[in-house]
Amino acid sequence: VRFIETEMAEQSDFQKRLMQIGIHGTIASTIALGHELHLFEALAKVGSEENPATPKQVADESGCKERYVKEWLSAMAAGEIIEVNEEEKFWIPKENVEDLTSGLALQFNLFLPLLLKSYDNLCNVFRKEGPLGLNYSDFTGFYQVMSSFSEAMHKKHLVSDFLPALGADIPERLKEGGMMCLDVGCGNGFHAALLAETFPKSNFTGIDITLEAVHQASQRRKDDGLTFDNLAFIQMNAGEMDADWTNKFDVVTIFDACHDQMRPDLCLKEIYRVLKPGGIFGMLEIKGSSNVYTDRKEIGELAAHMYGCSVLHCLPVGSNSPDALGLGTMWGKERAKNLLRQAGFTNISIVPTTIFPVNDFYVCKKE
Numbered sequence: 001v002r003f004i005e006t007e008m009a010e011q012s013d014f015q016k017r018l019m020q021i022g023i024h025g026t027i028a029s030t031i032a033l034g035h036e037l038h039l040f041e042a043l044a045k046v047g048s049e050e051n052p053a054t055p056k057q058v059a060d061e062s063g064c065k066e067r068y069v070k071e072w073l074s075a076m077a078a079g080e081i082i083e084v085n086e087e088e089k090f091w092i093p094k095e096n097v098e099d100l101t102s103g104l105a106l107q108f109n110l111f112l113p114l115l116l117k118s119y120d121n122l123c124n125v126f127r128k129e130g131p132l133g134l135n136y137s138d139f140t141g142f143y144q145v146m147s148s149f150s151e152a153m154h155k156k157h158l159v160s161d162f163l164p165a166l167g168a169d170i171p172e173r174l175k176e177g178g179m180m181c182l183d184v185g186c187g188n189g190f191h192a193a194l195l196a197e198t199f200p201k202s203n204f205t206g207i208d209i210t211l212e213a214v215h216q217a218s219q220r221r222k223d224d225g226l227t228f229d230n231l232a233f234i235q236m237n238a239g240e241m242d243a244d245w246t247n248k249f250d251v252v253t254i255f256d257a258c259h260d261q262m263r264p265d266l267c268l269k270e271i272y273r274v275l276k277p278g279g280i281f282g283m284l285e286i287k288g289s290s291n292v293y294t295d296r297k298e299i300g301e302l303a304a305h306m307y308g309c310s311v312l313h314c315l316p317v318g319s320n321s322p323d324a325l326g327l328g329t330m331w332g333k334e335r336a337k338n339l340l341r342q343a344g345f346t347n348i349s350i351v352p353t354t355i356f357p358v359n360d361f362y363v364c365k366k367e
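Number 288 in full-length UniProt numbering belongs to position 288 of the sequence shown; there are no gaps in the numbering.
Read the hints as simulated data drawn from the structure, not as lab findings.
One or more of the hints may lead you astray.
Heads up, simulated BS3-like pairs for lysine-lysine below, C-alpha to C-alpha not over 25 angstroms straight-line [said to hold, decoys possible]: (1) K248 / K276; (2) K248 / K337; (3) K56 / K16; (4) K201 / K276; (5) K155 / K89; (6) K70 / K45; (7) K365 / K333; (8) K222 / K269; (9) K16 / K269; (10) K269 / K248; (11) K337 / K276; (12) K269 / K201; (13) K276 / K297; (14) K89 / K70.
Label pairs and their computed distance ranges (CB to CB) [claimed, not checked]: (15) E66 / I355: 38 to 44 angstroms; (16) P131 / N291: 43 to 49 angstroms; (17) L116 / M19: 15 to 21 angstroms.
C-beta atoms are modelled at their ideal positions from N, C-alpha and C, and glycine is treated no differently.
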């Protein structure tokens with residue numbers, strides 16, 4: 001122990017930082033495990049500061065093995081995620097229960113284990129003689145987490161903030177009815193379903209390239225359990241939409257689903273085609289400048305997180321064909337504006353999204 005303490009004391013600041021990154025990665029993965037097995041919920045139910053829980057109580061509540069639960073609780077306590085007393089009984093402070101069971105911050109810890117499922121294949125992709133990229137099907141669990149992440153971020157702000165950003169009159173027009181709206185890369189259908197329930201007199205369509213996403217989206221119901229009569233989900237390639245859709249939609253949206261397409265240029269051209277003249281296109285994308293030096297300066301460690309997600313997922317799935325553009329997560333404003341102009345848009349604005357500091361919101365009008 002003294003040897004280890006001496007070694008650590010003699011480390012440079014950079015060496016200490018490398019160690020800390022590794023430690024935090026282990027803690028994050030263990031948090032993800034607890035989320036998957038509902039261990040935080042179990043601990044919150046059976047334990048409190050007044051009556052801390054034993055590993056057996058948490059194991060019984062969660063349906064997991066006591067010995068494994070004990071080790072997990074110990075890891076979380078040592079990492080100062082939960083609390084422990086001298087009797088090795090555990091609890092979550094009241095003020096942290098929501099964050100550890102349903103909060104947005106929790107979602108950041110769920111990515112790593114899912115992204116690394118294709119680690120060996122990714123190593124091969126990197127090598128010159130390796131394949132071009134990875135398939136969407138390699139990341140099924142990741143998309144479920146991303147959908148939950150997006151829903152947690154956007155639920156409170158989709159109607160109140162995003163819609164007015166598209167145009168001050170958009171909410172009222174949707175309310176009056178008759179509007180045709182399309183969500184591209186709809187995932188599990190959260191955005192389209194929320195809008196369809198909020199504006200029952202307008203019509204909403206969601207498209208996604210993956211059948212699993214469309215299947216999940218199609219299971220959505222209103223809060224009262226009834227089915228929608230103004231909402232449809234279709235499996236479709238965004239770069240080759242229905243030929244009959246020309247000038248069909250008043251509003252088209254795409255939420256964090258452009259940069260990881262192999263041919264986002266074709267997608268944007270199709271969006272321009274299916275918009276009615278005077279129609280509005282809203283694109284929420286990751287904030288980036290198209291220059292890593294500027295990104296590091298402006299958004300710090302979040303830039304590292306986004307570039308890391310790009311390395312592990314977005315770039316490989318967006319590079320998996322000979323003609324792929326391979327944009328990556330941090331393609332940034334300059335590349336985005338260039339592709340939007342190539343698609344035909346001339347009226348392009350970037351609306352500040354102070355509620356989502358990692359995003360830019362592009363609003364484009366088809367003249």
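Each hint tested on the structure:
Restraint check for K248 and K276: satisfied, since their Cα atoms lie roughly 6 angstroms apart, inside the 25 angstroms limit. Annotation: proposed proximity of K248 to K337 holds, straight-line Cα distance about 24 angstroms (limit 25 angstroms). Among the hinted pairs, K56 with K16 is inconsistent with the structure: their alpha-carbon atoms are about 36 angstroms apart, more than 25 angstroms. Taking the CA atoms of K201 and K276, the gap is about 19 angstroms. The hint holds against a cut of 25 angstroms.
Among the hinted pairs, K155 with K89 is inconsistent with the structure: their alpha-carbon atoms are about 36 angstroms apart, more than 25 angstroms. The hinted pair formed by K70 and K45 meets the criterion: a straight-line CA distance of about 16 angstroms does not exceed 25 angstroms. Pair hint K365 plus K333 holds up; C-alpha atoms about 17 angstroms apart against a cutoff of 25 angstroms. Under the criterion of a C-alpha separation no larger than 25 angstroms, the hint pairing K222 with K269 is inconsistent with the structure, at around 33 angstroms.
Under the criterion of a C-alpha separation no larger than 25 angstroms, the hint pairing K16 with K269 is inconsistent with the structure, at around 49 angstroms. A threshold of 25 angstroms between alpha carbons decides the hint, and for K269 with K248 the separation of about 14 angstroms falls inside it, so the pair holds. For a cut-off of 25 angstroms, the pair hint linking K337 to K276 stands: about 20 angstroms separates their Cα positions. Taking the CA atoms of K269 and K201, the gap is about 28 angstroms. The hint is violated against a cut of 25 angstroms.
Among the hinted pairs, K276 with K297 is inconsistent with the structure: their alpha-carbon atoms are about 40 angstroms apart, more than 25 angstroms. Distance check on the hinted pair: K89 and K70 sit about 10 angstroms apart at the alpha-carbon level, within 25 angstroms; holds. Between E66 and I355 the C-beta distance comes to about 43 angstroms, which sits within the given range of 38 to 44 angstroms. A beta carbon spacing of about 29 angstroms between P131 and N291 contradicts the range 43 to 49 angstroms that was offered as a hint.
Separated by about 20 angstroms at the C-beta atoms, L116 and M19 satisfy the suggested range of 15 to 21 angstroms.
When each numbered hint is compared with the structure, violations occur for hints 3, 5, 8, 9, 12, 13, 16.
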